[in-house]
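Visitor: If you want the building blocks of each chain, they are given just below.
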Amino acid sequence: MQSPNTMLFSYVPEKNAKNCGDKVYLIEGSRRLTFGEFNRRTNQLARGFLARGLRLGDRVCILNHNAVENVQAFFGALKAGGVFCPMNARLAPPEVAAIVADAEPAFVIAGHEYLPKLSEIPNLDAGKNLFVIGREGADSFDSLLDGHSAERIEPDRGDDDLAALIYTSGTTGKPKGVMWTHRNLFSSAHASAISRRTRSIDVALVAAPIYQAAGVGTILASTFRGNTVVLLNKFDPADYLATIESERVTTALLIPVMLLKLLECPELADFDLSSLRTVCYGSAPMPVNVLKRALARFDWRFVGACGATETSAGYIAILGEYDHMLDGSPEMEARLRSIGHESINAEVRIFDDEDRELPTGEIGEIVIRGNNVMAGYWRQPDLTAEALRHGWYHTGDVGYMDEQGYIFLVDRKKELIISGGFNVYPKEIEDALQSHPAVLQAAVVGRTHPIWGETPIAFVVLRPGKHLPDDQQLMAMLREKLADFKLPKGGIHFIPELPMNAAGKVVKHELKQLYPERFV
Amino acid sequence: MLHMTIPYLLERAARKYPDREAVVSETGRLTYRQWLKNSDRLAWALHTIGVKKGDRVTTLFLNGRTVLELYLALLKLGAVLVPLNMRLTAEEPSHIVKNSDASVFIYEHQFRPIVDTVRRNTPRVNQWVVSGGEPDSEEASLEALQGHNQEGFAWPDLLENDAACIMYTAGTTGKPKGVVHSHRTCTWAAAAAAAEVDLAPDYRVALVFPLFHVAAFALLVTNLYLGCTTVTVAKFDPAKLMETVQRARINRLVFPPTVWNFILQLPDLNRYDTSSVRSLGSGAEPMLAHTKRRLMEVFPNAKLGETYGMTETMAVISTLKPSDVLEKTDSVGKPFHCVEVRIVDEQGCDLPAGHIGEILVRGPNVTAGYYQNPQATKEAFTDGWLHTGDLGETDEDGFLYIRDRKKDMIISGGENIYPREIEEVLATHPKVQEVAVVGAPDPVWGQQVHATVVLRPDVVCAQEEIILHCRNKLAGFKRPRSVTFVAALPRSPAGKVLKRVLRDDLAPDISAP
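For the protein sequence lines, the chains are A and B, in the order given.
Mapped onto the numbering used here, the consecutive letters of the first sequence carry residue numbers 1 to 520.
Mapped onto the numbering used here, the consecutive letters of the second sequence carry residue numbers 1001 to 1513.
The reader is advised that the hints may include incorrect statements.
[Claimed, not checked] Straight line, CA to CA, 25 angstroms or less: simulated DSS-like cross-link-like pairs of lysine-lysine: (1) 23(A) - 1328(B); (2) 1321(B) - 23(A); (3) 1175(B) - 1407(B); (4) 1037(B) - 1098(B); (5) 1098(B) - 1303(B); (6) 1240(B) - 1496(B).
[Stated by the list, open to error] Which bits of chain B does chain A cover? Going by a derived footprint, with three or more residues having C-beta under 8 angstroms, they are: (7) 1329 to 1340; (8) 1400 to 1414.
[Said to hold, decoys possible] Listed below are several chain A residues computed to face chain B (Cβ distance under 7 angstroms; list not exhaustive): (9) 4; (10) 5; (11) 147; (12) 150; (13) 224; (14) 369.
For the record, the hints were derived by calculation from the structure and aren't laboratory data.
For every residue, glycine included, the Cβ atom is placed at its ideal position computed from N, Cα and C.
So here's chain A without its partners, still in its complex pose:
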């Protein structure tokens, strides 16, 4: 028997159905689902999974764009005692196959458009362990629900049991499954709801993909608050603005590139945006000039949220709405460059290389602990132990904290590139380039980019020989192997040799100096 103080996140739909069963929960185009319908459907789905053999802790993978089915699959899996594992819909087939091989799901759910991406995966059997969204019949997603009771169902799970597995790119090129427990979901949804100051009457607009931490986190926090959630499956500025107007959206999650595109949308003035009250944006890296333009242009409250997949939906730091109310002082303006104060249920410190805490103002690695910090990386104990050493998650971000507790990012310890909100590790691109027989060496670095924040740029040393590929041919090869957002939009540049240090390691910051003028 569970204790009455267990924090299972799967109870939230049940509670919402009870509190506001007839209220619309999910909106996707013309589709609308109430809290009551959603709860009944997820109960049926959970029973469907169980009837087809799902055991406690089994994974349910999903490959689809933002749609109501993704959210149903999430809570259906949780209610059955399973683990929800959303996959990035933009990944290339080999990348999807690598995740499925790693997660070993009991079930895969896919939008019918995405079936070709599953072609390389063995032992997938439609109607048995593969179910398709947007299709009728015995292998359809809906068939999982058929004939099952909509009565409440309680999984036999505890606070620290796994609830979700979110894959991110790995430094090593191998996918990393970040393990979120029920505790993580519960406490981070709670922290998110507090820091974003959401109200139960809010209508949230989510265009960020709900297979990533930011998008999943918004779904979690909105569901926790009993909010209506409007899903968009891509970001088109005019369509986005029209949705705010038509659905009377009150709160939205924007990544910097989206905000910039809204500001530059020619039809911006044509829409009634008066319902929108709070905008939460991903604060790292948010260009301050974009933010200042937005503050001047929109009468919205802004909240900056900085998180990592490893900190689940609960953030590392929050730049609160009052920090955006500029009073003309240089101090306030300088704060806009920070990621704000540590998140409410978390604690942030700055460590040196030996994990000793550094005094205020000194630069070191940003580390965090709290109920929102992941349980670890799926089946990667060494990587987990390294990332969570001494009880702190090491973010790989380098920064400092000022006297008032504002945290500033300075650099990145890891070679991570964040392009349009997606994490890209150079190693993945380098490995893909080096798979070409003519490529001797490849090195990828991130460059600032006015729209995407950052973008990868590749440097290649070719083997001597005839029939050498040009950059277009290499790019075409990358397209087969990698998701589109990982492509080096900064170009593939051929150089005679890579700068190396004495230890034989590529000196990446020298590479960054090679083409500075192109990206300023």
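Dock chain B against the given chain A, drawing on the hints supplied.
Guide: What follows is chain B alone, placed relative to chain A:
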């Protein structure tokens, strides 16, 4: 994994806001940095006299700087607080000390008379510590304890499920039971309140009721959670409180309705500057709409919200938002987001909106059980839910209404009668100031409705007048058969009417009119 404990909250606040005023009391002020430093020093001192993790420590203090330093010191050592109510009489304090297996008793000097009686009955207490006065031969003085960071001393590992306090229920039913709260249940209650009650880190919050009240304890933990300033008041006096509000620029005040009424009865209320007050809270029982409106007049800058909770839930179950306070006047609001509530019938089946049943609760703030009382624990926690013993219903919008205590329900001739329904009718009688209805034993019907009435000052009233008032308003079986008039209703320290006392007072031979 980080264990969210109460001492951790203080450390966190001290890191975030080292120089912010943390405590403002009649006997001095503390910044967060000082609070942490002083409580650490006190913890080392208490360690030297043998206080260790898991020890139950009874405390008897009025609110002030000392008790706040002491509590954080004890909690950091892993000791379990057993706050004692100074208004308890006779055997009750000894019962709590014995029941909790307390080995240490720390008290404020003025309570020596209580301690003298307790000491005779509690041989298991091996350490008596007095604060603010001369110790006798068997005692240590809290102030004289010298603490320093000893070589080799290490703070005990404190886990979130370790017990933080045992709160003895006010006893609206039976003998006091010790409700065990862990650091986890306390910090989650604080997290819930921080998220959904009108609170902010820069608020100055008045701590008026002593910390044996679960609401007061929860308020303290919430202040630590957010980093608020706790302004302590040792003794409640309406006029003095209003002076403190004005002088200390209080931002938030929380009281049960009965206490609000005391304040509203002050003759010259408008002479106080209440402009600093932005947030008002009420709990323990529903507040009349009239009182709500008066409060809003007296505190024009404040929003009023209400909460419903109990000792077992660290005062957190549901909250009525300021925007709903005048719309859903007799509701206790909606469950906090981290709390789930069910209304069930006798068989444990969920009831639809509009049907009265027992309120069940689940959430990270719910107690793990009663101390040394597996029977009561088992009864209260069937099927993974806390059975509150409260009867209630929800409306179509999901708002929760408390109809009565299950134990207060009257069954007369097989009919269920909810006393509150009758009380609401009687309260509309012009001569009635307060009323409480209970079941009196009856040889024929099992129980009969009995009303205990407090009349308005200087009025005379016969019991027939009270009974007649119900004639066209209540079904025959719900009308009171007998009425007694009293000067005041017996109330728990939290302000709840003690119906158990009223029932006990009813002689079995009470005659119908």
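Visitor: Against each hint, give a clear statement of whether it holds in the structure.
Guide: These are the hints, each one checked on the structure:
1. 23(A) - 1328(B): holds (19 angstroms)
2. 1321(B) - 23(A): With Cα atoms ~19 angstroms apart, residue 1321(B) and residue 23(A) stay inside 25 angstroms; holds.
3. 1175(B) - 1407(B): holds (14 angstroms)
4. 1037(B) - 1098(B): violated (32 angstroms)
5. 1098(B) - 1303(B): Violated - the C-alpha atoms of residue 1303(B) and residue 1098(B) are around 43 angstroms apart, more than 25 angstroms.
6. 1240(B) - 1496(B): OK: residue 1240(B) and residue 1496(B) at ~23 angstroms, within 25 angstroms.
7. 1329 to 1340: holds (count 5)
8. 1400 to 1414: With 0 residues closer than 8 angstroms to chain A, the segment 1400 to 1414 of chain B misses the three-residue bar; violated.
9. 4: holds (4 angstroms)
10. 5: holds (4 angstroms)
11. 147: It is violated, given that the least Cβ distance between residue 147(A) and chain B is near 23 angstroms, above 7 angstroms.
12. 150: Given a least distance of 13 angstroms, the restraint on residue 150(A) is violated.
13. 224: holds (6 angstroms)
14. 369: holds (4 angstroms)
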